[in-house]
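Enquirer: Sequence:
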Amino acid sequence: MSEKSTHKTYTVEEASQRLMQFCAYRDRSHKEVEQKLIEMRMIPEAREQIIIQLMQEGFLNEERFARSFVRGKFRIKKWGRIKIRQHLKLREISEPIIRLALSEIEEDQYLKTLEELLDKKQRLLTESDPFKRKRKLTDFLLRKGYESHLVFDLVSSLED
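In numbering that gives the first Met the number 0, the protein residues as written are 0 to 159.
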């Protein structure tokens with residue numbers, strides 16, 4: 000049995016329906032939709048037609064996806080702007096849309112979240128050496144994607 004005969008083929012209508020469900024479940028980026036269509040073995044012309052249809056019918060909206068992504072990663076995973084920006088770029092979101100989406104994060108909430116992450120991590124650390132302790136806190140917050148100047152200011156303000 001050849002490999003091709005084991006894969007389902009889709010009409011443009013069937014693929015459109017599947018992708019509408021895919022996009023209705025949660026906001027998707029254009030790259031995710033394109034990848035799904037490639038997995039479904041749709042030809043480039045059909046992929047383009049389906050993407051246009053999804054955009055026209057409101058199932059696919061890059062700005063809405065980016066804003067939703069930013070809100071979720073910040074509120075749930077407590078990611079900083081740098082990490083969020085990197086992940087949006089990996090999804091091929093344009094810079095103007097990334098800037099717009101990052102405006103979903105209120106500055107006071109951002110700083111408050113950064114302080115809460117620091118407090119929580121401080122309570123979990125068993126390191127007694129003050130220098131190593133601050134280094135671990137700094138590394139943790141930088142990995143979460145917070146800007147270095149904010150992290151350094153906050154960590155340096157801690158008592159030894």
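Simulated from the structure, these hints should not be mistaken for lab results. A few of these clues could be false.
To be verified - Quick list of in silico lysine-lysine cross-link-like pairs, DSBU-like style, CA-CA up to 35 Å: (1) 131 to 111; (2) 82 to 133; (3) 111 to 88; (4) 119 to 133; (5) 119 to 72; (6) 72 to 30; (7) 120 to 135; (8) 143 to 119; (9) 131 to 30; (10) 143 to 120; (11) 119 to 35; (12) 35 to 133; (13) 77 to 119; (14) 35 to 111; (15) 133 to 143; (16) 30 to 88; (17) 76 to 131; (18) 76 to 133; (19) 131 to 82; (20) 82 to 119; (21) 143 to 111; (22) 77 to 7; (23) 82 to 111; (24) 77 to 88; (25) 133 to 72; (26) 76 to 120; (27) 111 to 133; (28) 88 to 143; (29) 120 to 88; (30) 72 to 111; (31) 30 to 76.
Enquirer: Decide, hint by hint, whether the structure agrees.
Expert: Quick rundown of the hints versus the structure:
1. For the hint linking residue 131 to residue 111, the alpha-carbon distance of about 24 Å falls within 35 Å, and the restraint holds.
2. For the proposed pair residue 82 and residue 133, the alpha carbon gap of about 21 Å is at most 35 Å, so the pair holds.
3. For a cut-off of 35 Å, the pair hint linking residue 111 to residue 88 stands: about 26 Å separates their Cα positions.
4. Of the supplied pair hints, the one linking residue 119 and residue 133 holds, its CA atoms being roughly 14 Å apart against a limit of 35 Å.
5. For the hint pairing residue 119 with residue 72, the CA-to-CA distance comes to about 18 Å; that is within 35 Å, so the pair holds.
6. The straight-line distance between the Cα atoms of residue 72 and residue 30 is roughly 18 Å, inside the 35 Å bound, and the hint therefore holds.
7. Taking the CA atoms of residue 120 and residue 135, the gap is near 9 Å; set against the 35 Å cutoff, the hint holds.
8. Restraint check for residue 143 and residue 119: the C-alpha separation of about 13 Å stays at or below 35 Å, so the hint holds.
9. Proposed proximity of residue 131 and residue 30 is contradicted: the alpha carbons are some 41 Å apart, above 35 Å.
10. Taking the CA atoms of residue 143 and residue 120, the gap is near 12 Å; set against the 35 Å cutoff, the hint holds.
11. At most 35 Å may separate the alpha-carbon atoms for a hinted pair to count; residue 119 and residue 35 exceed this at roughly 39 Å.
12. Between residue 35 and residue 133, the direct Cα distance comes to roughly 44 Å. Violation of the 35 Å bound is thereby established for this hinted pair.
13. Under the criterion of a C-alpha separation no larger than 35 Å, the hint pairing residue 77 with residue 119 is consistent with the structure, at around 12 Å.
14. Note on residue 35 and residue 111: the hinted pairing is violated, with a Cα-Cα distance of about 38 Å set against a maximum of 35 Å.
15. Note on residue 133 and residue 143: the hinted pairing holds, with a Cα-Cα distance of about 15 Å set against a maximum of 35 Å.
16. At most 35 Å may separate the alpha-carbon atoms for a hinted pair to count; residue 30 and residue 88 meet this at roughly 11 Å.
17. For the suggested pair residue 76 and residue 131, the alpha carbons sit about 25 Å apart, so the restraint of at most 35 Å is met.
18. Straight-line distance between C-alpha atoms of residue 76 and residue 133 comes to about 22 Å, which keeps the hinted pair within the 35 Å bound.
19. About 24 Å separates the Cα atoms of residue 131 and residue 82, which keeps this hinted pair within 35 Å; it holds.
20. Proximity of residue 82 to residue 119 is assessed by CA-CA distance (about 20 Å); at most 35 Å being required, the pair is judged to hold.
21. With a CA separation close to 14 Å, the supplied pair residue 143 and residue 111 stays within the 35 Å bound.
22. A hinted pair counts as satisfied when its Cα atoms are at most 35 Å apart, and residue 77 with residue 7 does not qualify at roughly 40 Å.
23. For the proposed pair residue 82 and residue 111, the alpha carbon gap of about 17 Å is at most 35 Å, so the pair holds.
24. A threshold of 35 Å between alpha carbons decides the hint, and for residue 77 with residue 88 the separation of about 18 Å falls inside it, so the pair holds.
25. Our distance criterion of 35 Å between C-alpha atoms is met by residue 133 and residue 72, whose separation comes to about 25 Å.
26. Proximity of residue 76 to residue 120 is assessed by CA-CA distance (about 14 Å); at most 35 Å being required, the pair is judged to hold.
27. The straight-line distance between the Cα atoms of residue 111 and residue 133 is roughly 19 Å, inside the 35 Å bound, and the hint therefore holds.
28. In summary, the hint linking residue 88 to residue 143 is supported, as the alpha carbons are separated by about 16 Å, within the 35 Å threshold.
29. A C-alpha spacing of about 28 Å is found between residue 120 and residue 88, which places the hinted pair at or below 35 Å, so the restraint holds.
30. The hinted pair formed by residue 72 and residue 111 meets the criterion: a straight-line CA distance of about 16 Å does not exceed 35 Å.
31. Distance restraint check for residue 30 and residue 76: the Cα-Cα separation of roughly 22 Å lies within the 35 Å cut-off, and the hinted pair is therefore satisfied.
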